[in-house]
Amino acid sequence: MIHENIKLAKYFILGVLLQVLVFESWNFLGYIDPMFYIIFILIYKFDGSQIQFILLSFTLGLVIDLLTQNPGSNTISCIVISYIRPFLINFSFGVNADISNGMVSGTRLENRILFVGLIIFIHHLIYFSVSYFSFSVYIDILKNTILTSLLTSILIAITLGFISKR
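Each residue of the sequence shown is one higher than the last, beginning at 359 in the working numbering.
Take these hints with a grain of salt, some might be off.
If you anchor each label on the Cβ, the simulated ranges turn out as follows [to be verified]:
| # | residue 1 | residue 2 | range |
| --- | --- | --- | --- |
| 1 | G519 | N363 | 20 to 28 angstroms |
| 2 | F520 | V495 | 17 to 25 angstroms |
| 3 | G430 | F493 | 36 to 44 angstroms |
| 4 | V495 | H361 | 43 to 51 angstroms |
| 5 | T417 | G475 | 18 to 26 angstroms |
| 6 | F449 | I516 | 36 to 44 angstroms |
| 7 | E362 | I442 | 29 to 37 angstroms |
| 8 | D498 | N363 | 21 to 29 angstroms |
| 9 | F449 | I412 | 15 to 23 angstroms |
| 10 | F493 | I521 | 19 to 27 angstroms |
| 11 | E362 | I497 | 37 to 45 angstroms |
| 12 | F445 | H361 | 23 to 31 angstroms |
Quick caveat, the hints were computed from the structure, so don't treat them as lab data.
Note that CB positions come from ideal geometry on N, CA and C, so glycine has one too.
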């Protein structure tokens with residue numbers, strides 16, 4: 359139990375530090391910044407406490423918003439994703455949803471790709487919808503969602519590849 363909490367704290371701190379110090383100033387193609395901190399939401403064990411997870415996700419989003427001077431888009435996105443995550447787990451993994459560390463090992467690759475893709479896409483769609491706060495710019499919302507989701511997915515896939523080999 360203590361080992362799991364230390365591992366979660368490590369991913370929480372690492373995700374925040376990398377997001378704030380490295381990825382926030384990337385500006386790939388001029389405006390795309392990957393949101394690497396989502397790795398914490400993906401790595402959190404499937405059978406963990408839902409209330410604890412929502413509180414940790416709220417804290418993650420709030421810390422990112424405070425450090426990047428964002429008006430709350432990360433917090434809202436993290437809360438919504440943490441709330442719908444159990445439904446996405448059941449949708450993506452089906453009968454294998456009971457595996458506690460299913461994101462790292464023990465499940466098929468297709469299920470993990472579906473889960474990661476859904477979490478990242480929904481998070482980014484909510485993030486950019488709240489950031490723009492206008493549906494008259496829906497093309498920009500979709501463009502930013504898709505491009506940022508692709509870049510974030512690539513970075514997280516590389517990172518999860520390293521994690522699963524350890």
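Hint by hint, work out which the structure violates, then give me just those numbers in ascending order. 2, 3, 6, 7, 8, 10
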